[in-house]
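Given chain B, work out where chain A should sit, using these hints.
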Amino acid sequence: MISQNKKSKDTTAVLPKIDRYGLRIGVDLFKLSRSLYDKNYKGLELTGDFRVTKKHYFAAEIGNENKTSNQSQLNFTTKGTYLKVGFDYNAHQNWLNLENMIYVGLRFGISSFNQEINTYKVYNSDPFFNESSSITVNQKFDGLSAKWGEVVAGIKTKVIDNLFVGFSVRGSNLFSNKKPDGFDNLYIPGFNRTYNGNFGVGFNYTVSYFLPIYKKKNLPKIKSK
Amino acid sequence: MIGLLTLSCEKDDICDANTPTTPRLIIKFYDNQNPASVRFVKDLRITSIVDGVEKAIIFEKSNTEILNDTMVTLPLKVNENLTKYKFTFNSKSEIQSLISIDDLTFNYTRKDEFVSRACGFKTLFEMNASNQNPIIINETPGITAGNWIKGVQITQPKIYNENETHIKIFF
Chain B
4 MISQNKKSKD TTAVLPKIDR YGLRIGVDLF KLSRSLYDKN YKGLELTGDF
54 RVTKKHYFAA EIGNENKTSN QSQLNFTTKG TYLKVGFDYN AHQNWLNLEN
104 MIYVGLRFGI SSFNQEINTY KVYNSDPFFN ESSSITVNQK FDGLSAKWGE
154 VVAGIKTKVI DNLFVGFSVR GSNLFSNKKP DGFDNLYIPG FNRTYNGNFG
204 VGFNYTVSYF LPIYKKKNLP KIKSK
Chain A
227 MIGLLTLSCE KDDICDANTP TTPRLIIKFY DNQNPASVRF VKDLRITSIV
277 DGVEKAIIFE KSNTEILNDT MVTLPLKVNE NLTKYKFTFN SKSEIQSLIS
327 IDDLTFNYTR KDEFVSRACG FKTLFEMNAS NQNPIIINET PGITAGNWIK
377 GVQITQPKIY NENETHIKIF F
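Protein sequences appear in the order of chains B and A.
Each step along the first sequence adds one to the number in the working numbering, with nothing skipped, and position 82 is 85.
Each step along the second sequence adds one to the number in the working numbering, with nothing skipped, and position 27 is 253.
Everything hinted at is true.
Stretch-level coverage of chain A by chain B, calculated; a stretch enters the list once three of its residues show a Cβ under 8 Å from a Cβ in chain B:
hint	segment
1	246 to 254
2	275 to 284
3	301 to 308
4	342 to 348
List time: in silico SDA-like cross-link candidates among lysine to any residue, alpha-carbon distance up to 25 Å:
hint	chain 1	residue 1	chain 2	residue 2
5	A	Lys310	A	Lys394
6	B	Lys181	B	Glu119
7	B	Lys220	B	Gln96
8	B	Lys124	A	Lys384
9	B	Lys124	A	Leu251
10	A	Lys303	B	Glu134
11	A	Lys254	A	Thr314
12	B	Lys220	B	Leu101
13	B	Lys124	A	Asp239
14	A	Lys287	A	Lys312
15	B	Lys124	A	Glu306
16	B	Lys181	A	Thr245
17	A	Lys337	B	Val140
18	A	Lys384	A	Ala262
19	B	Lys181	A	Asp239
So the derived label-pair ranges between C-beta atoms look like this:
hint	chain 1	residue 1	chain 2	residue 2	range
20	B	Ala63	A	Thr299	53 to 59 Å
21	A	Asn289	B	Gln142	39 to 45 Å
22	B	Val154	A	Lys281	53 to 59 Å
23	A	Thr335	B	Asp184	16 to 22 Å
24	A	Lys310	B	Leu86	52 to 58 Å
25	B	Phe206	A	Tyr386	40 to 46 Å
26	A	Thr335	B	Phe178	37 to 43 Å
27	A	Tyr386	B	Phe111	36 to 42 Å
28	B	Phe33	A	Lys310	52 to 58 Å
FYI, nobody ran anything at the bench for these hints, they're computed from the structure.
Glycine included, C-beta positions come from ideal geometry on N, C-alpha and C.
Just chain B, with the same shape it has in the complex:
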């Protein structure tokens, strides 16, 4: 009994853990599927991360959006491209050779876009003359840009072989926002809609594929007696 117990202990102690390092590339399924069902939206976001240390990943997202926002007083279209770069930190302790992630991260985001006011209504607190028709303007504002920081929290789970699914939520804060003269950046590609302040929120739902590049044996530390 005693010897058997000792033996099994030794077996677990020396079992080497292999960490795979490589590039994981993916796509945001939410933007992809929304492009199919929402006629006012076309968008694509590609994601990528590269493992640098056991727990740290270099991470980036690149995307393009074309969104028409239809609101009671306004109808406008935003078109543009964005890039987010940063890192993720895996806070999850994996068992054996599992490669799941529960992570937090930071991003720096930059977007270049244009806005076009399609139609608007004049807000009239006194509707005496029953004027409520929309005014068509098609006024376009080019050369707009924004920069922001993002805090990310998410999970990634391996479903089969090298295929992962993931979900992340993001809270962002604008650093700079080049607004058009006579209008506002009510939507920023990559940042999503803006509120009164600089705060914004977002999420993505990704499917990604891992391309292994090299492996590292992660030997458990042997305590010296």
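Relative to the frame of chain B, chain A by itself:
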């Protein structure tokens, strides 16, 4: 996070009543004998043609079509460069000869300005100097007095807000 989201949505998806949007024309009534002092109008009824029908302004203070005050705020049309109102003085009188009517046509230029996501745009008006007759009395350009109205003066041609008097009517 969802709580935060809904909170911020509610906050700026409804146009706040305190947000300055399309301003109305502010008219103050003055005594023609003593042009420095305001004067109360007597049972004034103000109407305009809306969709082919004569429609009366309901005054906020009294919630009636009858005004007994020294000032009035009137909406201007946001899709035309003129608004015409009919001012019926002493409208409740049973003696027909005591009822006095004057028409005023306000000519202006407009520009629409972005306010916010929830409010959309507002229209700003200007009684411009290039227009020879910004205010026409009884559809007769050039005349300076009507039946009960003895004079009209533009004190602020830029109708950008409701914080000041734009027009003075003397009677």
